[in-house]
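Participant: Following the hints, complete the assembly by docking chain B onto the known chain A.
Here the protein sequences come in this chain order: A and B. Residue numbering for the first sequence follows the working numbering, beginning at 1 and increasing consecutively. Residue numbering for the second sequence follows the working numbering, beginning at 1 and increasing consecutively.
Treat the hints as calculated values from the structure; they're not laboratory data. What you are looking at is a predicted structure, and each value in this text was computed from that prediction instead of being measured. Among the hints, a few may not be true.
To be verified - Residues from chain A that keep clear of chain B, each with C-beta distances beyond 10 Å, as calculated:
| # | residue |
| --- | --- |
| 1 | Ala112 |
| 2 | Gln132 |
| 3 | Asn136 |
| 4 | Val143 |
| 5 | Asp182 |
| 6 | Gln269 |
| 7 | Val277 |
| 8 | Leu386 |
Said to hold, decoys possible - Below 27 Å or equal to it, Euclidean Cα-Cα: the simulated DSSO-like pairs (lysine-lysine) are:
| # | chain 1 | residue 1 | chain 2 | residue 2 |
| --- | --- | --- | --- | --- |
| 9 | B | Lys257 | B | Lys130 |
| 10 | A | Lys65 | A | Lys321 |
| 11 | A | Lys474 | B | Lys279 |
| 12 | A | Lys425 | B | Lys417 |
Claimed, not checked - Beta-carbon label-pair distances, calculated as ranges:
| # | chain 1 | residue 1 | chain 2 | residue 2 | range |
| --- | --- | --- | --- | --- | --- |
| 13 | A | Thr215 | B | Gly407 | 26 to 32 Å |
| 14 | A | Asp390 | B | Thr231 | 24 to 30 Å |
| 15 | A | Glu212 | B | Glu273 | 46 to 52 Å |
| 16 | A | Phe477 | B | Gln412 | 32 to 38 Å |
By construction, the Cβ of each residue, glycine as well, lies at the ideal position given by its N, Cα and C atoms.
Protein chains: 2
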Amino acid sequence: MCAGDDPTCPQFELHRQNLLDDLDAERRGFLKSAFVATGGAAAAWGSSSLISPAEAQTAALGPGKPTYHYLPATAETVHWGYFSKLLKPQLEVGSGDYVTIEALTHHANDDAERMIKGDPGAESVYLWTKDQKGVNRRGAGPVDGKLLGRGSGEGFGVHICTGPVYVRGAEPGDILEVRIIDVKPRPSANPAHAGKAFGSNAAAWWGFHYKELITEPKPREVITIYEIDATGQRNWAQAVYNFRWTPQTDPFGVVHKTIDYPGVPVDHQTVQENHGVLKNVRIPIRPHFGVMGLAPKEADYVDSIPPGYFGGNMDNWRIGKGATMYYPIAVAGGLFSIGDSHASQGDSELCGTAIECSLTGTFQLIVHKKETLGGTSLAELNYPLLETQDEWVVHGFSFANYLQELGPTAQQTIYEKSSVDLALKDAFRKMRAFLMTTKGLTEDEAISLMSIAVDFGVTQVVDGNWGVHAIIKKNLFAGASV
Amino acid sequence: MCAGDDPTCPQFELHRQNLLDDLDAERRGFLKSAFVATGGAAAAWGSSSLISPAEAQTAALGPGKPTYHYLPATAETVHWGYFSKLLKPQLEVGSGDYVTIEALTHHANDDAERMIKGDPGAESVYLWTKDQKGVNRRGAGPVDGKLLGRGSGEGFGVHICTGPVYVRGAEPGDILEVRIIDVKPRPSANPAHAGKAFGSNAAAWWGFHYKELITEPKPREVITIYEIDATGQRNWAQAVYNFRWTPQTDPFGVVHKTIDYPGVPVDHQTVQENHGVLKNVRIPIRPHFGVMGLAPKEADYVDSIPPGYFGGNMDNWRIGKGATMYYPIAVAGGLFSIGDSHASQGDSELCGTAIECSLTGTFQLIVHKKETLGGTSLAELNYPLLETQDEWVVHGFSFANYLQELGPTAQQTIYEKSSVDLALKDAFRKMRAFLMTTKGLTEDEAISLMSIAVDFGVTQVVDGNWGVHAIIKKNLFAGASV
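One chain only, chain A, in its complex shape:
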């Protein structure tokens, strides 16, 4: 029976309305606008694949029709600061299903008035009194928080990740295709800021700039709050104010001299807000998910900061609406999560963060079985691959699989060993493999082509395992079918 999720049902519009009526007002609003934006449900369901028809046929779409799911972000549905193959799935979906997932920024407490107040989901996640936390563990560190005394999980990993989603039929060795159907900002729930969404940019101690500051006081951490138009009318963000981080005492009494633990509430009585910064500067928005990926198999709890073969915190701003990601599946069900949503970011994410801004995405998840990959663009894929309408984007890291390569202390030592040079080498190797394996080129052909037609860029230099991406235009191969 159609539950408002089968566009071929003659009663679809009615059933759809019933489904929408069952949701709360905010989510209802989102769903309506999302369906308008994608040209209605039928268009969304029938959206053409970015990959070739032959490749689409290799997808394990399962016996039934796609189903639609919704996963809100609440204290119960998020894991904060880590990936884990041990996590209980929040949702189980079939290959080909659609799912809307809410992502909350882990920087919302930089300005709780604008980014948390009045928002039940955000309030449940960020709840923190002297007696309790909505989400206690934040990071892959010890739960007792006695190692560095920062708090449970020690902030070894910072991102609020919604999920995981278990995809039926996904097994190690398969590939999960994630089509990003829609991305929307999460409007401020504070009536004083109706129609607006907000994000925070932290120029923090882990930024590339931190030891290079030229003006006093040195060093310093600076938070800049940005405003985004939640109605979608304007495609640019603008700064509202900034402030320098001062020691903040969390509700458990721990003093955070620097930004060393996620979700610490900033007491705005203790900071100096400078309004009018970046006056009249308009930042083009590039809404995307900094974190998107699957559970790694190498460890039970994995810091959410360094990206790897499983995706994770890749921080490539191209992973937005209309893009498709492909991830190697390491554990049964894949265990897909998203987080670290960004309104905009530049290649390098230089100062440590983007415009960190809660977003809601709609995705289609498709399993490609291992045995069907030969001869497709996914053959031998062992890293996260991005496809847009015009490009293939290969992702290199300082260490392709740091969890394996750096041994038992990988999650500590990765922060000491990264370089852009290493990431470039990895991106080169992966692009060569892509061209030789999926385009049938010789090594000599692939290397020449990389020098004359592939662009290498700096994805990020702030996530432990640094990233370089390599972009090749699809139209290079357009003549091959002539």
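Facilitator: Frame of chain A; chain B shown alone:
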């Protein structure tokens, strides 16, 4: 009196025709097509500046009207493999003048049949018999060539540079603006290849890939010859064939086991041509000048390979038609030269070269006097800055001024010390300075903006002094005038 170079002259068309008739057939063809492409001389003369009207007014256009000049590439007008403040100018121009300059690729002898034969300019430059060379010195090394025995100049620097052009009024501390009005491929002069132009890509020992090869024989150098449509009808290149470098004996009897000296003629009897490589792959062309810049002041003879504050071998494919470059002037007259012309290149120039292809460019050269720079986008500029219609592009290098920073052995040690990480740091510092100086931002504003709206990419990792560029969109500041 108008010599065919003053479009305001009532007899301009007639005088112009006389000028064209005086030139040989090939150059005549080029000039005609260039003038058609730019919408006629008047349009070229009246082309609007990419910089603001206020900035244009700071230009020292001099007392007279702009004049048009033509500088062909011949054995007399090129310097091969080095920059030198001691070089006699080949041309003296006024600020605001237009000049068409021919650039010859230093890889033409990889396939002399296609890239040299029948072309008087190229033949004069490449002349090399057992008794003489058209251009003896190739590189900044010793003229006697006894250091490594490779040949005069030792190949410490490889690019055929046409020039220098002395710009009247240009003094140290001023800025030279170079507007790229037009860029054309140089057609093959061999009747067997009419209507086509050709380029060579060398995957060479200095490439990023060289020690990373996975197929045998290892190591190896590979030349791929590409064909470009010289008529401008097609915007893509395609491979013709490739071959592996074999030891080549030059006319003086020196054996070159690797590509260690520029312009060594390849004896095609000694190599195996593989036709049909990269079949049906179409490489979008991005015609540009890998080398463009001024004479540095720090040394008398400077290797043409490592780029620096003076520009030189920057290898940024964005330096093509419609772009404008700004260079700090280090010596009187600036001494502008071009070379290393490319039909296409990707960010990183991974294997060591681009599609090395002779091109002819038309430029307008404008001097901006030091005392007029305050308050403009050129204030305190001490590195090569690129402007396109939509973007400012800042160029970082592993060493901003390696000639000064690395001391007396700079020209050797630069090849041992570069990294992408260092180049990224330099690009960050320069973009910060650009935003603080020319946009009036605080350091905190600049750093936040760099993280959310500036894209850092890998320019090249094969030129000794590696490069990272930083791109910022102009429209960020469009609101500032509202």
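Participant: So, for every hint listed, does it hold in this structure?
Facilitator: Here's how the hints hold up against the structure:
no.	hint	in the structure
1	Ala112	20 Å, holds
2	Gln132	34 Å, holds
3	Asn136	30 Å, holds
4	Val143	32 Å, holds
5	Asp182	22 Å, holds
6	Gln269	21 Å, holds
7	Val277	5 Å, violated
8	Leu386	16 Å, holds
9	Lys257/B / Lys130/B	19 Å, holds
10	Lys65/A / Lys321/A	23 Å, holds
11	Lys474/A / Lys279/B	15 Å, holds
12	Lys425/A / Lys417/B	17 Å, holds
13	Thr215/A / Gly407/B: 26 to 32 Å	30 Å, holds
14	Asp390/A / Thr231/B: 24 to 30 Å	26 Å, holds
15	Glu212/A / Glu273/B: 46 to 52 Å	51 Å, holds
16	Phe477/A / Gln412/B: 32 to 38 Å	42 Å, violated
The structure fails to meet hints 7 and 16 from the earlier list, while all remaining hints are met.
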